[in-house]
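Trainee: Residue strings, one per chain:
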Amino acid sequence: MATAQETAEKAESDDIRTRWLLSAPALLIIFFAAIGPLFIVLVYSFLAPGNYGDVKWQFSTDAWMNVLFERDIFDDTLSFAKANLSIFTRSISLSLLTTILTLIFGFPTAYFIATRPEGRREIWLFLITIPFWTNLLIRTFAMMEVLRNEGLINSLLRFLGLTTAPIQFMYTDFAVLVGMTYVYLPLMVLPLYASMEKIDFRLVEAGYDLYASRMQVLRRIIVPLVKPGIIAGSILVFIPSLGAYVTPRVMGGGTNLMIGNLIELQFGQGRNWPLGASLSITLMAIVMVTLMFYVRNASKTGAGHG
Amino acid sequence: MPDKPDRNAIEVIGVSKIFGTGEARVAALDNVSVPIRENEFFTLLGPSGCGKTTLLRLIAGFDFPTDGQILLYGNDIAPLPPFKRPVNTVFQNYALFPHMTVAENIGFGLQMLGKPKAEIEARVSQMLKLVKMEALAKRRTSQISGGQQQRVALARALAPQPKVLLLDEPLSALDYKLRKEMQIELKRLQNETGITFIFVTHDQEEALTMSDRIAVMSAGKILQVGTPWDIYDKPAERFVADFIGETNFLTAKIDNVANGKAKATLKSGKTIPATVAEGFTPKGEATIVVRPEHAKAVKGPGELSGTVENIVYFGTDTHILVRLDDGDLFTVRQQNSRSASCGFEEGERIGVSISDDAAQVLKD
Ligand SMILES: Nc1ncnc2c1ncn2[C@@H]1O[C@H](COP(=O)(O)OP(=O)(O)OP(=O)(O)O)[C@@H](O)[C@H]1O
Ligand SMILES: [Mg+2]
Chain A
1 MATAQETAEK AESDDIRTRW LLSAPALLII FFAAIGPLFI VLVYSFLAPG
51 NYGDVKWQFS TDAWMNVLFE RDIFDDTLSF AKANLSIFTR SISLSLLTTI
101 LTLIFGFPTA YFIATRPEGR REIWLFLITI PFWTNLLIRT FAMMEVLRNE
151 GLINSLLRFL GLTTAPIQFM YTDFAVLVGM TYVYLPLMVL PLYASMEKID
201 FRLVEAGYDL YASRMQVLRR IIVPLVKPGI IAGSILVFIP SLGAYVTPRV
251 MGGGTNLMIG NLIELQFGQG RNWPLGASLS ITLMAIVMVT LMFYVRNASK
301 TGAGHG
Chain B
1 MPDKPDRNAI EVIGVSKIFG TGEARVAALD NVSVPIRENE FFTLLGPSGC
51 GKTTLLRLIA GFDFPTDGQI LLYGNDIAPL PPFKRPVNTV FQNYALFPHM
101 TVAENIGFGL QMLGKPKAEI EARVSQMLKL VKMEALAKRR TSQISGGQQQ
151 RVALARALAP QPKVLLLDEP LSALDYKLRK EMQIELKRLQ NETGITFIFV
201 THDQEEALTM SDRIAVMSAG KILQVGTPWD IYDKPAERFV ADFIGETNFL
251 TAKIDNVANG KAKATLKSGK TIPATVAEGF TPKGEATIVV RPEHAKAVKG
301 PGELSGTVEN IVYFGTDTHI LVRLDDGDLF TVRQQNSRSA SCGFEEGERI
351 GVSISDDAAQ VLKD
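The listed protein sequences derive, respectively, from chains A and B.
Counting from 1, position 50 in the first sequence corresponds to residue 50 in UniProt numbering; the numbering is continuous, with no gaps.
Counting from 1, position 114 in the second sequence corresponds to residue 114 in UniProt numbering; the numbering is continuous, with no gaps.
In case anyone wonders, no lab produced these hints; they're calculated from the structure.
Warning: the hint list may mix true and false statements.
[What the hints assert, rightly or not] Listed next, the in silico DSS-like pairs over lysine-lysine satisfying Cα-Cα at most 30 Å (straight line):
1. B:221 / B:253
2. B:84 / B:115
3. B:177 / B:132
4. B:363 / B:234
5. B:299 / B:267
6. B:84 / B:163
7. A:227 / B:115
8. B:267 / B:221
9. B:132 / B:180
10. A:198 / B:187
11. A:198 / B:84
12. A:227 / B:299
13. B:84 / B:117
14. B:221 / B:296
15. A:227 / B:84
16. B:363 / B:263
17. B:117 / A:227
18. B:270 / B:221
[Claimed, not checked] Part of the chain A face toward chain B, derived, beta carbon under 10 Å:
19. 148
20. 149
21. 150
22. 212
23. 224
Cβ atoms here follow ideal geometry from the backbone N, Cα and C, with glycine treated the same way.
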């Protein structure tokens with residue numbers, strides 16, 4: 001049936017053309033809003049810094065050198081930029097810890113909501129999203145109010161007579177971690193809930209029926225079925241954590257910097273836009289590598305296997 | 001295999017299950033008692049919402065009775081969570097694990113029981129063979145047809161060799177032909193494994209063809225328990241007679257009750273013998289039932305007489321609807337032969353002859 005095949009092929013090519021046309025507006029937005037600015041950042045990272053911020057239009061790889069190495073002012077030798085490196089590792093490990101903590105707190109929360117009677121779930125979800133109504137900065141300051149020396153926890157500890165001097169929580173990595181976990185928890189709960197809600201709880205009963213204990217049902221049935229939510233939630237928490245700016249600034253003070261703060265510093269006081277640009281691209285590269293690694297790994301150990 | 005065929009596998013004793021309170025209160029089960037014997041193919045038959053699934057869920061342990069007791073081989077199973085009961089379920093919707101292959105689904109129960117790997121593998125391949133699914137062992141359960149899923153669900157529930165298998169309308173989603181095949185297959189499996197089956201259906205034909213015994217349920221109560229033959233030929237109540245097969249109800253005066261027999265005097269004045277359920281002594285007027293195939297349309301006078309109102313051809317047989325002289329409708333079923341028509345015409349006056357022992361007196 002040559003004619004039928006021809007018609008089908010024609011229909012298909014028509015289809016492809018209309019699809020391109022239909023997606024053109026979206027493609028334009030992606031180009032101008034995402035790819036364009038990224039390209040500018042890339043170009044800036046290969047220029048020299050201007051005296052009062054901005055850039056000088058001359059090619060230079062100094063910025064990229066400065067991401068990893070620092071030049072000694074006296075003898076001009078290169079050594080690893082320890083400060084940058086430690087900020088990178090702190091950022092990555094804090095973000096990983098934030099992801100793990102939000103997962104630990106978010107999983108039971110999402111499970112709780114998903115197992116409520118249908119009419120009542122919305123209320124719980126609504127409560128989860130309430131913090132989003134408030135500015136991030138204010139939320140972070142609220143958390144600071146809890147942790148600072150004269151804050152809620154220290155006052156309570158003193159009141160109970162458990163401590164005499166206040167415990168220094170603020171301006172530590174711990175404070176940054178607490179702040180980020182608090183701020184990003186909803187981003188974990190919502191995707192977890194979305195995939196938990198889809199679980200057919202008769203599968204859980206089937207698990208019990210086949211002699212699986214509660215832990216085994218969790219591990220062998222619920223977790224694999226919620227996996228898409230775990231992956232989505234982890235990505236949603238990890239990426240903004242890595243680039244976090246406000247929370248480490250407020251909770252970590254000036255000392256416990258993360259990549260976001262470092263980048264900000266270059267565009268502000270540092271007046272080294274090219275370095276800021278190259279740091280930004282490095283951050284993006286880290287995110288992309290982590291994501292690729294994570295997604296590949298997640299689908300490999302994924303569902304299906306015993 | 002059955003050494004002690006009369007041992008009870010399950011005993012349901014005075015079980016009630018109430019859902020909700022106040023306005024929303026539903027008695028899904030109302031003081032239900034029934035013993036289920038070892039190695040029996042026991043069917044719960046009843047209309048939608050009568051409490052069949054609820055009873056299975058109580059036996060499996062997903063819900064707890066509001067009142068009453070369930071014994072498994074004489075022991076109360078109330079304290080056992082579902083994962084400690086030697087009972088497996090074939091769920092109404094199969095509930096196969098979508099993230100596992102067919103083989104992994106079947107092996108899941110054994111794995112949870114902590115059986116050694118070699119044993120699991122051997123058993124899984126044995127089960128795959130039993131349900132004829134060897135070729136699809138590595139498929140995801142989302143990639144097989146409804147009938148195949150059904151068979152996997154069955155194999156998964158059978159693999160851990162439960163004492164009792166609960167089957168909740170497992171065939172209702174299948175087309176007619178596949179259902180017939182699966183009915184035979186289920187019956188074969190039950191014979192081969194010797195496991196007690198508690199089978200739920202609302203299809204009366206399925207219940208009659210497959211069961212050793214049937215419990216007919218309605219509105220949370222068990223109305224009658226008996227062999228298919230008992231249930232069909234000696235229904236004790238109007239609901240049972242009406243729910244199973246087609247039936248003619250007649251009003252008659254009953255006397256001379258003795259040894260499960262009675263004399264029924266029909267409105268026409270003719271008398272026919274009728275059977276009475278054990279331990280029941282009807283007095284005066286009562287309803288009797290006569291199955292359409294136990295009556296015959298005759299040209300001359302019979303126990304009843306009337307006019308042929310409609311003749312419906314069904315392939316294997318013909319239904320002759322007779323408007324009786326007292327105004328009631330009465331259906332006669334007559335087997336077809338290839339050469340001759342049924343022999344009657346609409347509007348014709350005929351008699352209906354009711355064979356001896358065709359009539360059964362109902363309790364209400
Ligand atoms: N969790 C529950 N909460 C409230 N009512 C329930 C619940 N489960 C069942 N019921 C009610 O109990 C009654 C019996 O339900 P059940 O599911 O046992 O019926 P069934 O005989 O299995 O029906 P079907 O043939 O439609 O599956 C119904 O009236 C149902 O509405
Ligand atoms: Mg049901």
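Trainee: Among the hints numbered above, which are violated by the structure, and what are their numbers in rising order?
Mentor: Hints 8, 10, 12, 14, 18, 19, 20 and 21 not satisfied by this model.
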